[in-house]
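Asks: Residue numbers (full-length UniProt numbering), protein chains in the order written: chain U, 1 to 346; chain Z, 1 to 346; chain H, 1 to 346.
Do not take every clue at face value.
As the list claims (entries may be wrong) - Chain U side only, calculated, beta carbon under 7 Å to chain Z, not exhaustive:
| no. | residue |
| --- | --- |
| 1 | G61 |
| 2 | S90 |
| 3 | P96 |
| 4 | P98 |
To be verified - Computed far set for chain U versus chain Z, every beta-carbon distance over 10 Å:
| no. | residue |
| --- | --- |
| 5 | L3 |
| 6 | E28 |
| 7 | A91 |
| 8 | A92 |
| 9 | I122 |
| 10 | I124 |
| 11 | E208 |
Treat the hints as calculated values from the structure; they're not laboratory data.
All values reported here derive from a predicted model rather than from experimental measurement.
The beta carbon of each residue, even a glycine, is placed where N, CA and C say it ideally should be.
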Amino acid sequence: MFLKNAWYVAAWSHEIDASLKQVVVLGEKICVFRNSQGEVIALEDACPHRKLPLSKGRIKGDNVECGYHGLTFDCAGQCVWAPGGGRIPSAAKVRPYPIHEKYGLVWIWMGNAAIADADDIIDIPNFDSPDWGINSGDAMELACNYLLMCDNLLDPTHVAWVHEGSFAQAATKDTPLKVTRTDNGVIVHRWMMNVEPAPFYKKIVEFEGNCDRLQHYEVRYPAHALIRAVFTPAGTGGPDGTLDERTFVMDSYNFMTPVNERETRYYWFQLRNVRPQDAELSKMMAHDVRNAFSEDKAVLEEVQVGMTHKTSPHIDLSIDAGQLRFRRQLEAMIAEEQMVDEKMRA
Amino acid sequence: MFLKNAWYVAAWSHEIDASLKQVVVLGEKICVFRNSQGEVIALEDACPHRKLPLSKGRIKGDNVECGYHGLTFDCAGQCVWAPGGGRIPSAAKVRPYPIHEKYGLVWIWMGNAAIADADDIIDIPNFDSPDWGINSGDAMELACNYLLMCDNLLDPTHVAWVHEGSFAQAATKDTPLKVTRTDNGVIVHRWMMNVEPAPFYKKIVEFEGNCDRLQHYEVRYPAHALIRAVFTPAGTGGPDGTLDERTFVMDSYNFMTPVNERETRYYWFQLRNVRPQDAELSKMMAHDVRNAFSEDKAVLEEVQVGMTHKTSPHIDLSIDAGQLRFRRQLEAMIAEEQMVDEKMRA
Amino acid sequence: MFLKNAWYVAAWSHEIDASLKQVVVLGEKICVFRNSQGEVIALEDACPHRKLPLSKGRIKGDNVECGYHGLTFDCAGQCVWAPGGGRIPSAAKVRPYPIHEKYGLVWIWMGNAAIADADDIIDIPNFDSPDWGINSGDAMELACNYLLMCDNLLDPTHVAWVHEGSFAQAATKDTPLKVTRTDNGVIVHRWMMNVEPAPFYKKIVEFEGNCDRLQHYEVRYPAHALIRAVFTPAGTGGPDGTLDERTFVMDSYNFMTPVNERETRYYWFQLRNVRPQDAELSKMMAHDVRNAFSEDKAVLEEVQVGMTHKTSPHIDLSIDAGQLRFRRQLEAMIAEEQMVDEKMRA
Chain U
1 MFLKNAWYVA AWSHEIDASL KQVVVLGEKI CVFRNSQGEV IALEDACPHR
51 KLPLSKGRIK GDNVECGYHG LTFDCAGQCV WAPGGGRIPS AAKVRPYPIH
101 EKYGLVWIWM GNAAIADADD IIDIPNFDSP DWGINSGDAM ELACNYLLMC
151 DNLLDPTHVA WVHEGSFAQA ATKDTPLKVT RTDNGVIVHR WMMNVEPAPF
201 YKKIVEFEGN CDRLQHYEVR YPAHALIRAV FTPAGTGGPD GTLDERTFVM
251 DSYNFMTPVN ERETRYYWFQ LRNVRPQDAE LSKMMAHDVR NAFSEDKAVL
301 EEVQVGMTHK TSPHIDLSID AGQLRFRRQL EAMIAEEQMV DEKMRA
Chain Z
1 MFLKNAWYVA AWSHEIDASL KQVVVLGEKI CVFRNSQGEV IALEDACPHR
51 KLPLSKGRIK GDNVECGYHG LTFDCAGQCV WAPGGGRIPS AAKVRPYPIH
101 EKYGLVWIWM GNAAIADADD IIDIPNFDSP DWGINSGDAM ELACNYLLMC
151 DNLLDPTHVA WVHEGSFAQA ATKDTPLKVT RTDNGVIVHR WMMNVEPAPF
201 YKKIVEFEGN CDRLQHYEVR YPAHALIRAV FTPAGTGGPD GTLDERTFVM
251 DSYNFMTPVN ERETRYYWFQ LRNVRPQDAE LSKMMAHDVR NAFSEDKAVL
301 EEVQVGMTHK TSPHIDLSID AGQLRFRRQL EAMIAEEQMV DEKMRA
Chain H
1 MFLKNAWYVA AWSHEIDASL KQVVVLGEKI CVFRNSQGEV IALEDACPHR
51 KLPLSKGRIK GDNVECGYHG LTFDCAGQCV WAPGGGRIPS AAKVRPYPIH
101 EKYGLVWIWM GNAAIADADD IIDIPNFDSP DWGINSGDAM ELACNYLLMC
151 DNLLDPTHVA WVHEGSFAQA ATKDTPLKVT RTDNGVIVHR WMMNVEPAPF
201 YKKIVEFEGN CDRLQHYEVR YPAHALIRAV FTPAGTGGPD GTLDERTFVM
251 DSYNFMTPVN ERETRYYWFQ LRNVRPQDAE LSKMMAHDVR NAFSEDKAVL
301 EEVQVGMTHK TSPHIDLSID AGQLRFRRQL EAMIAEEQMV DEKMRA
């Protein structure tokens with residue numbers, strides 16, 4: 001089950017050019033290309049005649065021509081030419097999807113186009129700030145339901161076992177968590193006081209000695225996460241801390257696009273408040289992040305199999321409170337959306 | 001759904017020798033071999049005892065011996081030896097299939113053997129004529145239902161997009177089609193007057209200048225096509241044309257054998273009325289035809305997926321009239337055949 | 001359908017060390033490892049929290065730690081640590097399986113642990129005798145139901161066709177069989193009098209000339225076979241024979257472990273009463289046996305497909321009497337076991 005009235009990431013902007021490509025989002029096959037004005041166009045990827053994917057056809061000007069019988073569709077999905085003497089059946093059209101490019105990503109709206117509003121795309125305050133460095137981001141395919149990755153991104157505890165050599169330190173094993181429900185998602189966070197920085201961060205943090213560390217894990221509907229890591233000199237952190245100019249902050253943005261119920265395309269990038277222009281640092285971080293996320297992938301793909309074919313009941317623990325709240329609220333939103341859809345059809 | 005009381009191509013004659021082979025026709029596994037008299041024998045490919053394919057066994061004289069316990073079957077499918085003291089259970093037999101070799105092809109009758117008549121095999125008038133050249137024919141596996149290839153062979157329009165570099169020319173895009181129902185199938189044809197020959201034919205046609213071109217697309221039940229291409233000097237063609245000695249004719253014979261509902265083995269050869277003894281020309285044409293048919297394969301396999309998993313209705317166009325008639329009539333024939341079968345069982 | 005209250009072979013002892021491995025028996029995924037006392041431990045291979053296989057985790061002392069959130073299980077399957085402040089939910093446990101090592105094999109009990117009794121493991125009288133040589137045994141995966149191999153091991157007839165170059169000789173084709181039902185299985189046997197030794201045995205038997213040959217094929221519940229081959233000088237064998245010091249005996253032990261309904265792991269070793277210390281002979285026999293068993297594998301995997309997808313009824317022959325009795329009795333035992341289980345649940 002998916003929330004339809006929402007923006008999902010369809011691709012990195014640099015992946016889309018003037019050639020026809022197929023992407024699959026929420027189980028729907030979509031033909032994507034960049035037209036002569038540089039706009040990204042997204043159309044249902046099936047000619048209404050014999051369902052050949054339009055992505056197997058050709059671009060003609062700003063139109064797409066089917067590779068079987070030449071039916072031609074404009075950027076709004078309307079058929080503008082068909083063989084057989086020029087009559088175009090009224091049903092000869094394909095569904096167009098609203099598209100908006102932002103943060104180097106191609107965002108697609110999967111629901112009612114009439115209510116698509118680009119202002120609803122997640123806000124990333126420091127994206128263009130010269131004081132923040134960025135690694136250029138990446139993506140990977142996960143053979144699991146997107147909610148398993150949402151669970152994972154509301155779960156600071158798992159780092160102690162899954163990311164033993166990178167994000168973990170002793171305190172990540174069992175420091176208590178705080179769960180907060182917000183208007184657009186759920187936050188799970190905790191401060192770990194006077195601890196050693198974890199290996200991944202030790203290389204980057206610019207002060208000596210122990211730190212206070214914040215894990216802020218936030219997932220917003222439908223499936224977008226902000227993971228904020230704060231490392232500040234011991235004594236300056238905590239809920240009432242003052243921080244200072246040495247405080248290190250990394251914001252990891254994570255976008256889960258359901259391909260279908262069993263597959264997810266996972267996109268991400270990170271912003272950091274240190275050495276913003278340091279390309280070597282960006283590269284190293286991108287590399288380390290991908291390695292760490294591959295550790296998540298290995299676990300989640302096994303969990304997908306285990307939960308799908310379980311032969312005895314599973315149990316929930318207190319550390320799951322955040323993800324259970326997120327799932328419950330998302331389910332309610334999906335149910336409401338479907339009820340509205342049914343009413344509008346009736 | 002398949003028509004059973006019909007001849008299908010099981011193999012090229014040169015593919016069958018004194019070794020045991022398995023072919024699959026209409027979902028039925030069949031053991032095929034050539035006996036000592038040179039006859040092709042076809043038996044249900046499953047020993048009645050433990051269902052080991054007979055094709056995994058051995059030829060003993062003109063009999064087939066199962067590779068598990070030695071049950072031995074004669075060319076009529078009757079068990080002539082079984083272990084256990086020599087008693088042969090009355091149920092120990094396998095179904096034999098009527099076979100007839102013609103045109104270098106092995107034809108198999110899939111229905112009631114009592115009404116198999118080799119005279120019903122498609123008639124190919126010029127097959128042995130010294131005035132006609134032949135390319136030796138070929139076959140390929142298609143991952144699609146056989147009716148999609150039947151559709152394609154009643155569809156002169158598709159050549160403009162699928163065979164842009166070979167069979168197509170401007171006029172193939174939208175010259176109107178004529179549909180005729182015959183006693184044994186459907187013909188779709190059109191004359192294109194005073195046009196340039198398409199690339200594939202330009203190399204072969206023996207006159208200069210423009211031509212009148214006929215596309216004659218005919219499919220006969222169950223699934224056999226004759227595609228006749230005529231290129232004649234402009235002014236000599238058309239429905240009332242006189243043609244002349246420079247007229248080029250190519251008859252392409254196409255035989256679709258359903259392996260099952262999702263797979264087809266596709267056989268073909270061509271006859272031409274020019275340079276009958278020119279082996280180089282035969283070779284070039286065979287090569288070009290295979291390339292063009294690979295273009296069909298690529299499209300049809302995508303159409304198979306698209307039509308099987310479509311998420312919105314498909315539409316028919318006026319150019320589909322011929323294939324819709326063919327499918328409707330074939331369906332009626334299959335329904336009638338099944339009704340007769342049920343009555344005979346009752 | 002499987003008999004649960006029975007010992008199956010889970011692995012060769014030498015396959016299990018201090019690393020975590022997954023085995024699948026009767027469709028159940030099981031995490032297996034050797035603890036610091038050298039005992040083999042077998043636990044349900046799914047953490048009760050999110051069903052990550054425990055075999056993807058880590059050994060900590062004699063406990064197993066889940067690789068996702070560190071839930072830790074002792075050798076009895078009880079959770080002894082969980083994140084979230086140390087409270088351990090009462091449902092946090094995994095099923096432990098009784099294990100016993102014997103004959104170099106790891107035996108696992110798949111049913112009610114309360115009635116597991118290592119004395120029920122098959123008795124192999126000459127296993128440790130200095131007068132008997134052993135080849136070290138082997139295993140292979142079969143893509144078929146375990147009962148097809150049980151059938152095969154109650155079927156002396158098949159050797160004439162499946163093992164033409166090794167175990168077969170003319171008499172194996174059709175000498176009558178005797179079937180005996182025992183308390184724990186079925187025996188099919190026959191004496192072939194005054195025959196030439198079959199190729200596999202000719203190399204080993206230590207007398208010249210013809211022999212009397214016994215094929216003793218015995219399968220015991222759930223799925224363990226003893227195949228005894230006796231070759232004795234002609235005139236010394238038969239039901240009332242006296243045998244003598246030149247008599248050659250080979251006991252082939254075969255253990256079928258159902259992975260699931262369509263896959264089997266097949267284990268075996270042989271004991272012989274000649275040249276017990278001859279390592280070269282052991283090696284040659286192991287090699288020849290593996291080759292012969294590969295012939296069975298090829299046939300049985302085809303039979304699995306043929307019997308699963310048969311399009312006409314199969315027939316039984318008189319040579320199948322033993323295997324039909326074995327199957328009928330095993331089915332009755334399984335049905336009774338399930339009835340008892342249901343009563344205990346009610």
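Asks: Does the nearest C-beta of chain Z fall within a distance shorter than 7 Å of the C-beta of S90(U)?
Replies: violated (9 Å)
Asks: With 10 Å as the threshold, tell me whether E28(U) passes as away from chain Z on beta-carbon distances.
Replies: violated (7 Å)
Asks: Take the shortest C-beta to C-beta distance between P98(U) and chain Z; is it under 7 Å?
Replies: violated (18 Å)
Asks: Does L3(U) really sit off the interface, with its C-beta more than 10 Å from all C-beta atoms of chain Z?
Replies: holds (18 Å)
Asks: So, as I understand it, the hint says P96(U) touches chain Z; can you test that by seeing if any CB pair is closer than 7 Å?
Replies: violated (13 Å)
Asks: Is the Cβ of E208(U) more than 10 Å away from each Cβ in chain Z?
Replies: holds (59 Å)
Asks: Is it correct that the beta-carbon of A92(U) has no partner in chain Z closer than or equal to 10 Å?
Replies: At about 6 Å from chain Z, A92(U) fails to clear the 10 Å cut-off, so the statement is violated.
Asks: Non-interface claim for I122(U): all C-beta distances to chain Z beyond 10 Å?
Replies: About 28 Å separates I122(U) from the closest Cβ of chain Z, which puts it past 10 Å; holds.
Asks: Quick one: work out the minimum CB distance from I124(U) to chain Z and report holds if it exceeds 10 Å, violated otherwise.
Replies: Label holds. Min Cβ-Cβ 33 Å, cutoff 10 Å.
Asks: For A91(U), which was marked as not at the interface, is the minimum beta-carbon distance to chain Z over 10 Å?
Replies: violated (5 Å)
Asks: Using the nearest Cβ pair, does G61(U) come within less than 7 Å of chain Z?
Replies: This hint is violated: G61(U) lies away from chain Z, its Cβ roughly 16 Å from the closest one there, beyond 7 Å.
Violated hints for the displayed structure, listed by number in ascending order: 1, 2, 3, 4, 6, 7 and 8.
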